[in-house]
Amino acid sequence: MTVAGESRAPAKLDWAGLDLYRFFAFVFSQPSPERFDTLAQPALKDALAGLWQQLRCAGDSPDLTWFKNYEEYEATYIALFDVGIPEPPVPLFESAHDKTRPAQEIALENTWFYDALGLRWDASCAVPDYLITQLEFLAAVHYTLENAQDLATRHSLAKLEADFLGRHLLNWVPTAAAKLNNNSPSAFGPLTILLAAFLQDRRDEVSNTAKAGPPVMRH
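Numbered according to my numbering, the sequence shown spans residues 1 to 219.
Rather than coming from a laboratory, the hints here were simulated on the basis of the structure. We treat Cβ as the ideally placed atom computed from N, Cα and C, and that holds for glycine. Hints may be right or wrong, so weigh each one.
[Claimed, not checked] Restraint-style ranges between C-beta atoms, simulated for each label pair:
#: 1; residue 1: A178; residue 2: D82; range: 27 to 35 Å
#: 2; residue 1: N69; residue 2: A152; range: 50 to 58 Å
#: 3; residue 1: D60; residue 2: L117; range: 33 to 41 Å
#: 4; residue 1: T153; residue 2: D19; range: 28 to 36 Å
#: 5; residue 1: D150; residue 2: G84; range: 29 to 37 Å
#: 6; residue 1: P102; residue 2: A16; range: 18 to 26 Å
#: 7; residue 1: E71; residue 2: A152; range: 50 to 58 Å
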C-alpha cells in the first residue's frame, strides 16, 4: 500500500461510519473540481455543525459556508497552503511548524512509523511529514486496528496510532489551526479546528485501548 495516494470523496455524511482520517485527507488535498463539488454539498454544512458539537469544539459552531465558486476555493487554498515568501502562511508540513528539530529528523521519524506498518510513502506525491501522507497512514493503521482479530495485535496497533498522533499530528496541527484562524480566516479555518479536535479525541480513545495492555497468557 502507498501512503498519500489520492483520497476519495466520502460516500455519505455518516460520521459514525466514516473514516475521519480519510475525510480530512480529502478536505485538505490539492484542489480539484470533484473535491469542490463534494464540499459544496448543502447537507455538509449541517453535518459539520453536528460534528463540531460531537467533538466538543470550543464555542458555538462557526459559519461553515463553503466557497462561492471553484476559483475562489482554489485561489484561497494556494494562497494559504502553497505559496508565500519565504513560505506559505500555513504550510501543511510538520517541519514548517516544529522548529525544535531538523526537518530531516522529523521526516525520518515519520518514515520509521510508516515502515512499522509495512507502508511506503510516495516520493512523487509528498514528503513524509506532509499532512495528507500522515492522515493516510493513520487511516491505514485505523483500518488494520478495526480488522485485527487478536487482542495483542489490537493493543500494539492502538499504541502505534496513539504514539504517532502524539509525536506528530498533535505536535503541529493545533498550532497550524490557531495560526490560520487568527491570521488568515477563511472557510478552511473551522475545518482545521475540527481536524485538531478529532485528532485529540482519537488519541484519547486509542490511548485508553493501549493502556489496557495486551492479554496476559496463563499457563
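Against the structure, the hints:
| no. | hint | in the structure |
| --- | --- | --- |
| 1 | A178 - D82: 27 to 35 Å | 20 Å, violated |
| 2 | N69 - A152: 50 to 58 Å | 52 Å, holds |
| 3 | D60 - L117: 33 to 41 Å | 39 Å, holds |
| 4 | T153 - D19: 28 to 36 Å | 19 Å, violated |
| 5 | D150 - G84: 29 to 37 Å | 48 Å, violated |
| 6 | P102 - A16: 18 to 26 Å | 41 Å, violated |
| 7 | E71 - A152: 50 to 58 Å | 52 Å, holds |
Hint compliance for this structure: hints 1, 4, 5, 6 are not met, and every other hint is.
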